Structure formats: structure tokens, C-alpha cells
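Asker: All chains, please: the whole structure from these sequences, using the hints.
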Amino acid sequence: MEDFEPKILVFACNWCSYAGADLAGTSRLQYAPNVRIVRVMCSGMVNPAMILYAFRKGFDGVVVAGCHPGDCHYNVGNYYAKKRIVLLKEMLDFIGFESDRLKLLWASAAEGKKFAEEMTNFTERIRKLGPQTKFRG
Amino acid sequence: MKSGAVLVIGGGIAGMQSALDLAESGFRVYLLEKLPSIGGRMSQIDKTFPTNDCSMCILSPKLNEVGRHENITLLTSSELLSVEGRAGRFTVKIRKNPIYVDRDKCTGCGQCASICPVNAVDEYNEGLYYRSSIYIRYPQAVPKVFSIDREKCIGCGICENVCVAGAIDYNQKPEEIELEVGSIILAPGGKLAEPEKRGEYGYGVFPNVVTGIQFERLLSATGPFEGHVLRADGKEPKKIAFIQCVCSRDEKTNPWCSSVCCTYATKHAIIAKEHMPEVETHIFAMDVRTFGKGFEEYARRAKEEYGVIYHKARVPVIMQKPNGNLILKYEENGKSKEEEFDLVVLSTGFEPPEDAEKYAEILGIELNEYGFCKTDPFHPLETSKPGIFVAGVFSEPKDIPESVAQASGVAAKASSIIASERGKLVSKKEYPPERDVTGEAPRIGVFVCHCGINIASVVDVESVAEYARSLENVVYAENTLFTCSADTQERMKEVIEKYNLNRIVVAACTPRTHEQLFRNTLREAGLNPYLFEFVNIREHCSWVHMNEPEKATKKAMELLKSGVAKARLLEPLPFVEVEINKRALIIGGGLAGMTAAIELANQGYESVLVEKENELGGNLRHIHYTIDGKNPRELLEELISKVESNPLIKIYRNAEIDSIDGFVGNFRTKLKVDGKVLEIQHGVVIVATGAKEYKPEEYSYGENPKVITQVELEEMLASGKTPESVVMIQCVGSRNDERPYCSRICCQTAIKNALKIKEINPEADVIILYRDIRTYGFMEKYYDRAVEKGVVFVHYSEENPPRMEGDSVIFYDEILDEELVYTPEKIVLSAATVPREENQEISKMLRIPLTENGFFLEAHPKLRPVDFSSEGIFLCGMAHSPRLIPETISLASAAVSRALTLLSKDRIIMDASKAVVIREKCDGCGMCAKACPVSAIEVKAFENRGVVEFKADVNRAVCLGCGVCHATCPKSAVVVKSFTIDQIKAMVDAIAEEV
Amino acid sequence: MDTETEKIVRNRVAELLNEDVEAFVVFVRKETEPRERITVIKGPEEAEKVALSPLSVNNTARVLLEVVNNFDGKVGVVAKGCDSKAIKGLISEGKIEREKIHIIGISCPGIVDYRKLIAFSPEDVIFEDGKLIIKPGDKEIPLEEVIHDNCRYCRSPSPVIYDEIYGKAREPFDGTDDDEIEKLPADERWKYWIDVFEKCIRCYACRSACPMCYCTECLVDPVNLAISPMSTAEEKAAYPRFLGKTVTPADNLFYHLIRVFHHAGRCADCGECERACPMDIPLRKLERKLQKEIKEIFGYEDEDIPFLAKLDIIPEGR
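Residue numbers (my numbering), protein chains in the order written: chain A, 1 to 137; chain B, 1 to 995; chain C, 1 to 318.
Read the hints as simulated data drawn from the structure, not as lab findings.
It is possible that part of the hints are untrue.
Claimed, not checked - Here are some of the chain C residues that sit facing chain B, going by a computed Cβ distance under 10 Å:
{"#": "1", "residue": "LYS95"}
{"#": "2", "residue": "ARG98"}
{"#": "3", "residue": "TRP190"}
{"#": "4", "residue": "ARG259"}
Stated by the list, open to error - Derived SDA-like pairs: lysine to any residue, alpha-carbon spacing no greater than 20 Å straight-line:
{"#": "5", "chain 1": "C", "residue 1": "LYS100", "chain 2": "C", "residue 2": "ASP174"}
{"#": "6", "chain 1": "C", "residue 1": "LYS49", "chain 2": "C", "residue 2": "LYS100"}
{"#": "7", "chain 1": "A", "residue 1": "LYS89", "chain 2": "C", "residue 2": "ILE181"}
{"#": "8", "chain 1": "B", "residue 1": "LYS273", "chain 2": "B", "residue 2": "ASN52"}
{"#": "9", "chain 1": "A", "residue 1": "LYS89", "chain 2": "C", "residue 2": "LEU311"}
{"#": "10", "chain 1": "A", "residue 1": "LYS113", "chain 2": "B", "residue 2": "PHE225"}
{"#": "11", "chain 1": "B", "residue 1": "LYS971", "chain 2": "C", "residue 2": "LEU16"}
{"#": "12", "chain 1": "B", "residue 1": "LYS551", "chain 2": "A", "residue 2": "ARG127"}
{"#": "13", "chain 1": "C", "residue 1": "LYS100", "chain 2": "C", "residue 2": "ALA14"}
{"#": "14", "chain 1": "B", "residue 1": "LYS374", "chain 2": "B", "residue 2": "THR626"}
{"#": "15", "chain 1": "A", "residue 1": "LYS113", "chain 2": "B", "residue 2": "THR626"}
{"#": "16", "chain 1": "A", "residue 1": "LYS134", "chain 2": "C", "residue 2": "ILE201"}
{"#": "17", "chain 1": "A", "residue 1": "LYS134", "chain 2": "C", "residue 2": "LEU311"}
For clarity, every value in this text was computed on a predicted model and none was experimentally measured.
Ideal Cβ positions, reconstructed from N, Cα and C, are used throughout, including at glycine.
Answerer: Here's what the structure looks like:
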């Protein structure tokens, strides 16, 4: 398991989390290179099917990152993201899939450090969980 | 000859807002800022009250918008030298100070700063941290250009050696420029008072006494300790005191109230609690002045949910213990107390900006008794000199939303005198016709940026470009030193033509700052700008994996592959163009509505003013005098005669809105006037429905004729009757469970009426029973005057309010510690200001939200105070929140300015990345319509081969492109263009495969 | 549903067909075996065929949805508790106009599970006082013995929307929807489900039988688009396929999870999916788990706006 390099997909909203990831960069905060960020306009546009699909394609962890509650550029998109993900995680748990592989992250444009730390922590968490084989099937 | 340009002095949030409004309504703007970057005070703020929004999150899109606007010229590190001429045509001389970096060459990569050996005090972090000598004020700064602080520079030349762009220029000289402008806006902000003036607080001597703005930096994730609040000795504080009115409401320093500190201290206490749940926070204030929209509820939450403790006390002195802790001595409820804290935050107030006198001299404007810019209460946006306007803290201390509203308001004022020059100096870029790429197989061009060495020193960019060439549909790939440089843009255009490219992928920095630049280049090359995809291999790769070059290179390749995968599926998107009907509908014929109508007419635009009563004037009809001795009757008459005589203003009295349909630019409204229904077409709506005085159910109002409201007292005084003795009770119907908000205006009304009584009869007894006296800003002096004139102020607490027995008022005096009984001639209730019932109807018709209290809810409480989330609808006056005459005028002008950004255009062009329904997949279940945050989707009947089908339909003019619909639809029958499910899936597929 | 209720309903159907109702979605008894099927009758003379008994197992909403727009006039429907839930959902989602239908609501005592009944090899079944009398042999068995498991957890045996209502309902289920599976360790849960979904042949019978799965195009298995004359070749090619053509347990799980997800707050709890499944997959376990969570976490229960479209502001910490 030591040499297992998890592959992690991050959907980051354009207004807060993507900007937070940018700030991590401008501040040269180092984090695990296992993370791949896909930009979306709002965490509320991330389709739950796309999350499952990412697992199906073999990603070991998926993060949906959006604005803090109340900060959404579209006012409420992040609340939709949250309810879907909370529910999806419950269902994943129910079928015995490690729901910890899916993370909802609030990261603001000023939270470069938080973003970087969360990426490293999540990578380590997934590294401990080992390769995701259930959905890769 | 007038000039169609405006000079805006001050690049803070107010100056930025003025600049954007003007540039968007057809005027050229020069934005002057003395610092190297714009953003002002707001850029230093961690969170904004009362929503605890991340300040940078909401500011940074505006920074970029200003930075790249073709009609805004940024003059940073610059100062005003002289101004000549008059309204309509000023000649302005400005000096651009040297920054020793070529502004055009610098790419903002920051290589220089990372090796600069100098440690200088970081002003952005309020001296709590260090910066290099070559520096940028903060990471998101605009313009993204570094500058050398020559006072600190040791001249070692290392930066010049590492700058790949060759931007360092030690010999740069000051440059003088001359501009012709039609009007000038002053928005230089204010200075924060130096707490050294109150030596008894030990600031600068006791290491654990900091100022509010320093505390703000301590809380910030980009601050000195990355958001950890630490004392000078590195320990986390356990007990923090916030001392209010440091250099405010203070005869020795500044007598005025700074208006913002009570709420910002509340915010500091809340955020501190969020950072350190165990910390104790105490706020020491004479009065808690949380009077703004949502502020009172915020303070209540601070108390009830966060356990913030408020003391009604002024702290006279702080002493330090050997361990650095601080002892506060104060009096509360008539008792002397002493308490120990390990950190003290001084909530320092605003002072006039440093350059106030310089501006007064150069511009020939008058300052007021306090050194702020002098304005007239009925003309709050105008300086004493025609053609020169003022917004923000320079005219009076105020918070961000009020400053932003004023900034919009002055934009309307400044452009109204040069309305004839609209559109004359703005550049309209001409683009070649777009090449039709439908049916063509993707031919993708890839540009991989070195960014000097920012990317190339970590990522093997040559290999990445080589890898790009191996990808399907990529017909061209190259490495560039700086992809954003002007010569690369030219090269990109050549390459597009030479290789007949129809998609472009740039692997460089972040789309958040550079996407528009490249999209523009595509347009110049005759390609639809949406055929562009950005891959971030700097902020998201080379800069965050500096020690792992191999992994970073592999990651860069994967990211590029996913970008190419998305690019294959990109479609040319037509811009959403909406024609704009140039007429405004104004709902409400009070002060706000009439002001808006007049401002619009001054700019040459028609409006329809709808008043439900048979007289114009609204609440203004009930105001007989103002606290500052102005005559509101004159104002009322002037306004009425202006709106009635202006041919551009059509007035309907006794009119009711029956229905409103349509969207931005194209509204259709049915009005019911005298039983008849008539239809009006208009492009924008300004909601100015006002508010009204609450009819109290407390204190036997309505039963006991001795009990009246402030409005009734004012009528009585105006009719020549003056009571011998009066008890006024504040906060009747406000700040309670039913109406948790502060009605803002009643403290000043009470003092106004009290002073009036004292003026007529100095012997009259006037007692004001209050919870907090909220005479914010310069109104503080009337509070002082009332005390001088013998008006008696007695505090009461929420738990122990005054009560009535017969005709007597019984109240508890905290200082005497006993209950007093008094039987005055009149008992005057300072009744709440409540929203109008018709707000409910209008909210439904326009699909715009209301707050829990029934006032209208603006698009954003901080930066969009008069906008709604739905485009083309604006808000002003007391329909927004209770407010005074000058504030109402500012807001009305602001709504007009925002409306002008639309009305000044024949059509508006919107971002094309919007939701689209794939009709044949849609079942018309309407889930998307129910979820849409802006109600842009409707299920409609469509005829398809003779069969009527119900399908969802997106109004692209209303859609914001958030994609909540897409993720809600069970079959993805609605997608957001540029972020469609197949595009995202292609990206996921591409990243999933190993390179 | 006793013979008395059956008689009343039969009469009412005849009467209504004489009035303004053009067609009626009803149950009729099969002649060859003790089963009932749903059919559409148009004339009052056909009403004598109308059956109503615990053998009226299927959900009438699905048939109603399919036929309602074939008639200009009103269409009647006989609806048990779960049928009415589906009808209510279909109305709120704009699929059926309330004014176009007449609902005879049936308070439901529960329905028979044919798979249990078959053990008694019945040639005919008669219902009396909550008991079944099996022919030949006149063996009496209580309904509870052969009742559909789904009915044991039925929270609304009485219709939620109707124009008139008959019959006597069983006690609504009032317990919690905890499933024994939840108590298993994660690995065993996974094993359970992957074993279950090993069996799935993705015949989509569950989807076809479900009254709420009316999408003409399914996100996880777009079929119609591929043959639609209206979509361009590019659109067909570009339309994303989430699942492979071959049947794998992980793909099956993906399909079922997403299908269930889309039912959040919309499921009629009728159990048609399970009845339709040829592989005996316990699909209701997923549906019930989902409905339980949206109720527990979000407090969502019987609301007009579908769960996924509703704005919920849930406190931090979840």
C-alpha cells in the first residue's frame, strides 16, 4: 500500500474554491500532486451521476468544492450541492462503499491554505483507504 | 465642448464601483490610485458583516472586471497635481510615480519577490508581517504588476537578474500626464484614526493591544499567521476585549461617530469565536450602534449564539501586567469594575483621508468642520464645486454598502452633466466576422506557457507540448515564454490562420484572470471566443508541486489532455443579445421614486412613475423639518414641480400594478388607473415602494390620547402646539422578537423632535428612554447638543422596558438603581419603520425576494445594494431598509446609475454560457424550473408536428448559467453550454486514463 | 377490499361512465388464473368486469399516464394508497392534469404477493373478512400470510388524493425504516449488494414498471436519442454514455443507485419495481433507505416540490 498513489478528482466552483486553489498556488503552498481539478461554475452544477461515474472510472477519491454557505455566487447553488452529496454519501454507505472517498469541501477564495491542507489530508486519507476497486469493477 | 470622460480619485471599492458604472454606461474613466494596486480598505478585510462573506471572494471578481475593462484606464501609484476648468471640461494633471518596473512587461509572476533579500514592514498586513522590497500589495492585486519600494531597496540587482520578462527598470522616471475630463469623482476613502492619540490605551507600548484592522489581518487566512489569532508572544488569546469609540465620539480626538465600528467589532468577536470556540469575547461600548440592514440581528446572534458579551461602558484606561495581560477598569451600571484580558482590540474610527486638504486646495472644494468633504443633506453626493462629486467615507464615515451605493449614485451625478457626450470617448472594439466552424472536425492548437520560469522550472513544458502533439485532433502545439504577452497574442492569431485552427487550448495560469484575454484574441482571429479552453498548470500545478517536478509534469500532461478532450466538444456559442427598451418603470412616488425619475430624466431617459396614492411625496409629506435645519417642504415642492413639469416623466397617481411580465430590457406591465387597465413597455424596473411608521400596539397607543408617535408629535409641533413635558420611548416595535431589526431613523427623529421642543420652549421637560442611542456619523453632534440643552436620556434594558400606569410612565433608572414614575403631557413612541404590505405582491410579480422582515432583499448586501439577482430590476429608498433623506437620495441615484448601465445600451450582450434545454429529452416535469435560483426556466407548451408538448424553456436573458438545473434534471435534458455533461465527462475520462 | 367494496366500485364506475367520464382504468380478473390485470374500459356495460381485491396488485398510475391523453374527456382511475401517491406526483410534475381525471380512491387492506400465493396452487381465490379461501380445497388463509412484504411497511394505505373513497385500510406502518443490512459491517454490506447486483441482467423491467420512471430518455441508458430522427449524428455520438454495453455488477449498481436517487421524495412505495424484477432483486431496500434519509436528514415528507428540486438549507455539521 505504501507506493499506492491515489488519484483524486476535484470539482471546484469558479468563484470560491477554484480561486482558493489559485491562492494556494500564488502562496506557493505545496500539496499532494494526486489532485486533478476540474473547474465548474458552481458546486450546484455537479451531477451526482458524474460523481459515481468518476468512481466508475477508477478515481480513488472525489471532492466537490464550493463556496461557504451564504457565499454562493448564485446564492443557493451550494445548498443544492450539499443536499445531493449528503444523500449520496448515505446511499454509498448503505451499499458498503466507503463514503469517505467522497468529500464536500467549502473553500473560499481567501482559503488557499485550507485548500492546500484539505488536498493533502484527503490524499492521505484515501491513501489509507487503499485503491478504490469497488466501482472500478 | 464637454468631455465624455470622468476622473475617479481613489481605487477602493467606491471608486471601483463608480468607474464600472460609468464605463458600462458609455463614459471613459480614469481611475487614480496612489497605491500600486486598487482594492482599497476592503482588500484588507477578512470577512464582511453581516453575512460573514469572504471579502476577497466578492472583491476579486470586481478587481478583475475593473482591471480589464476597455473603458477604464488605471492610473496606479499616481497622484493628482492640478485641476483647471469647470464642470463639463476640466484639465487635470497627474503624476505617475515610478515603480521601477515596466508596467507593460511585468507578468506578475513574482519570481523577483521570492528572491528579494529585503525585509520591509508589510503595510497590507498593518505592520504585523514583512514583505520584500519588490512587492505586490496582496496576491489578488490588480494590476498584477510588482513595484519596487525604493526606500527599502538595497539595489542589489538580483530581481533584475531573475526577471525573464526584463521588466525591472531602476531608472524609471516620474511621468506627468494631462487629461481632459467632464467631471470628477472623489472617493479617496478615509484614514483610520491613530490610537496613539489615546495614550491611556497603551497602543504601541503594550504589545497585546492591537487595532481593529490589525485584528482583521490576524483573522485573515492570508494574514500574518494564516488565520491563527496569536498574541505578540505567540500564545493564543483566551479572553479578548474590544474597546469601541477609540478616537470616535470623543471630544479630545474626534467628536463624530464612525458608524461602522460597532458592527465590525461584533464581526470580529463572532469570527474570533469561530476560530477559537473557547475564547471569551467582550465588547465595551457606550451604545451598540448596529443600525444597518441585518446588523441588529447579527449582534443578537453574536450575543445569543456565540456568547459575545456586550458591556455598556466606556473604558477610560488600560494597564499592563508583567505577563503582558491587560487590566481594564470601567464603570458599568454605576459600579466600578476591573477585568483582565489577554488581548485588547481597539476599534478605531474613521478620520478624513490624509489628502483631504490637498484635494480641497487643488479642486477648490470645501471641507466641513471635521475636515471631511462638505456636502448638503439634500445633495449628499455633490461637493461645493459643480462638476465634482464625492462618495464613500470622504463625505462621512460609512460602511461598504452605503459607500457602494453612493459610488453608483455619484456615477449617475457625474455622467448627468456630460450626458450629451455619452458614447463619444469609449472604444468599441471591432472584430472580424466569425468564421463558421460547424461541421469542421476539431483542429486544436495548444500553447504551453513557460511563464518565465514559473512553470518551466518545475514542469517539463517542452515534453508537455510534445505530448500535446500526440493527442488526437491537435494539429499544432508550441511552447511560449509568456503566453499572455502581446507578441504571443499576435503569434496566436497567425497560427490560427496558418493552420486553420478551430479550437485553442492554453496551458498556463488561471482562467480567472486571463481567460478574457485569450477569448478576445480568438475573436480577433475570427473565431468564436467559446472555442477556447484554459488549462491551469501554474497555480494548480507548478506552484503547488515545486519539489516534485516529475509528478508535476505528469499532472500537467493529464490536465492538458483533459483540456483538449473538452476542447474537442466545445461549440461556438452565440452571445445572448437582448434589446433594451429605454424606458424605466418606477414603483412608488415618494422621495426615492421622484429622485430616480428626475435623475433618469437628467440623463435623457423616460420613466413612468407609479404612485398608489393620489398625491406624490410619500413619507416626505410628513416630515416638517430636519435635524440639521433644512426645510423638507421645499425639497418636496421642488421635486414635485420637477417631476410634473418634465416631459420625460409620466406620472400615474391612484395607480396600482396589476401584472408585470418579461425580463431585462423587455418588461410589460399592466397598470390599473382609475378602474382602467393600461399597458406599459419598459426596459428596467426601479422598486421604490418605501415603508411606513408602525402603528404601535404597545403603551395603550390608540386608546390613551396622551400617547402619540414621533410622526404625530412632529405634526403637532409643526402646527404650533408644543407640549410642556414629554417622555419618549425608543425602539417601540423594533429590536424585538417580532421585528428583530433596528429601524435606524428613530433615534435621530427623537432627538430632532426633542431639540425642536427645547428650541420652542427651553423649559420643557424631555426625557428619552432608550436602549442604545444610534446617532451615527455626524449626527452625533445633535445627541451632544440635546444633552447640552437638558434633554434627559435614561437607558433601559430589553428585559426591563418602561411601562405605563394610567397616564404615567414607570421606568427603572440604572444609575439611581430605582424605579421612577413620571406623568408627562405627552408620551411619544418612537415606533418602528415597517415595510409596506404591497411588497408581498410586487415580490411575487417580479420574482424578487423579500427579507424575513418584509423589506426587499438585494442581490448582495455588500456589493450590490441596489441590484436584484434578476437583471434589470433595481431597489431604492426605504423599500430597501429604513433610512434618512440623504441616504434615500444616494440610494435612488445609485439605482439610476445601475439602471443606466442597461438603458445606455441599445442591446446588452451577455455571457453565452447559459442553460439550454435539449427538447427531445425533456419530459416537462418542471424539476429544473422549481430548482432554478433565478426562475429563468418555465415549462411551456410547444407544438411539434401537430402535437402539443410541454417542455422546459430557458430564458437566456435571465439565466445565470449556474447549472443547478442540470444537476437536478433526472435525464440531463438541460445543460449549461461550455460545461455540458459530455464535456465534463470527456474531461473525467481523459484524466482517468494514465498518461 | 372486500366483495362489498368491489360491488360499490363496480356500480360507481358504471355510473361515472354514464356521466362525463370517457374511460376508466380498472382491474379485471383474468379468466384462466386467479390474477388481475389493469385494463381500460370505455362503456358502462363493461363495468361488470371490474374487479377489486387484494389481487389488484399493480399500480394503476402507470397505465393512467399512458392512456390519459388518448381521450378528450375525463378518464377515471381506481387508485389504492400507493397508486394515488404516484398519481399525485404525476400531477405535480405536470404529467397529468388533475381536472382530466376522476379518482375512485380505495383504502387498501394490502395486496397479495403472487409469489407467496402460488405455493397454494390456487385455481381460484375468494375473499372474505380479510381471509382468502383457496379453491379447490376451501383452505382458509389470512391475507397477512400471503401479503406483499411491501404492504407491511406501507405508510399510506389510504389514498392521498381522490374524488370519492371506499373500503377499509390496514393500519399504516408507523415504525422506522431501519434495514437489518444497516447493522452489518461495511464490507458485508458491500458483499451483500454486489452479490445482489451480480444477478441483475439490466432488463430495465424495474424502470418500465415504475410509474415515476416516465422519462422518455434515461440518463444512465439513453436509447431513444440514438434512434431519434431529430438529433444529429454529432449529437448522437456526443451524447455521453455512463454505462457500458456489457452487464457488470458495478454498472448495475451505478444504474440502480442513480435510478433510486432520482426517486428521492417521488417514490410511490408501490413495489412495482420488485414485482417486475425477474431476478428477485430487493430494490425496495434502496428506495426505502433513500426515503428514510430524506425524511430524517431533511425532514422531507409528502411535499409538492420534488426533493431534488427543493432548496434545503441544512445546518453545518451534517
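Asker: Just to be careful: measuring from the Cβ of ARG259 (chain C) to every Cβ in chain B, is the smallest value less than 10 Å?
Answerer: 9 Å, holds
Asker: CA of LYS100 (chain C) to CA of ALA14 (chain C), is that 20 Å or under?
Answerer: The given pair, whose Cα atoms are some 18 Å apart, holds under the 20 Å limit.
Asker: Given the hinted pair LYS134 (chain A) and ILE201 (chain C), is their alpha-carbon gap at most 20 Å?
Answerer: 19 Å, holds
Asker: Between LYS49 (chain C) and LYS100 (chain C), does the CA-CA distance stay at or below 20 Å?
Answerer: Status violated; Cα separation ~23 Å.
Asker: When you check the alpha-carbon spacing of LYS113 (chain A) and PHE225 (chain B), does it fall within 20 Å?
Answerer: Holds, at about 11 Å.
Asker: Have a go at the TRP190 (chain C) hint: is there a Cβ in chain B nearer than 10 Å to its own Cβ?
Answerer: Because about 22 Å separates TRP190 (chain C) from the closest Cβ in chain B, which is outside the 10 Å limit, the hint is violated.
Asker: Does LEU311 (chain C) sit within 20 Å of LYS134 (chain A), going by the straight-line distance between their CA atoms?
Answerer: Violated - the C-alpha atoms of LEU311 (chain C) and LYS134 (chain A) are around 32 Å apart, more than 20 Å.
Asker: Tell me if the straight-line CA distance from LYS551 (chain B) to ARG127 (chain A) falls inside 20 Å.
Answerer: 16 Å, holds
Asker: Given the hint that LYS971 (chain B) pairs with LEU16 (chain C), test it: the Cα-Cα distance must not exceed 20 Å.
Answerer: Judged against 20 Å, a Cα distance of about 38 Å means the pair is violated.
Asker: Against the 20 Å threshold, does the CA-CA distance of LYS374 (chain B) and THR626 (chain B) hold or violate the hint?
Answerer: Given that 20 Å is the threshold and the Cα spacing comes to 18 Å, the pair holds.
Asker: Straight-line Cα separation of LYS89 (chain A) and ILE181 (chain C) no greater than 20 Å?
Answerer: Answer holds: LYS89 (chain A) to ILE181 (chain C) is near 16 Å, not above 20 Å.
Asker: Straight-line Cα separation of LYS89 (chain A) and LEU311 (chain C) no greater than 20 Å?
Answerer: This hinted pair holds, its Cα atoms lying about 19 Å apart.
Comparing the model with each numbered hint stated earlier shows that hints 2, 3, 5, 6, 11, 15, 17 do not hold.
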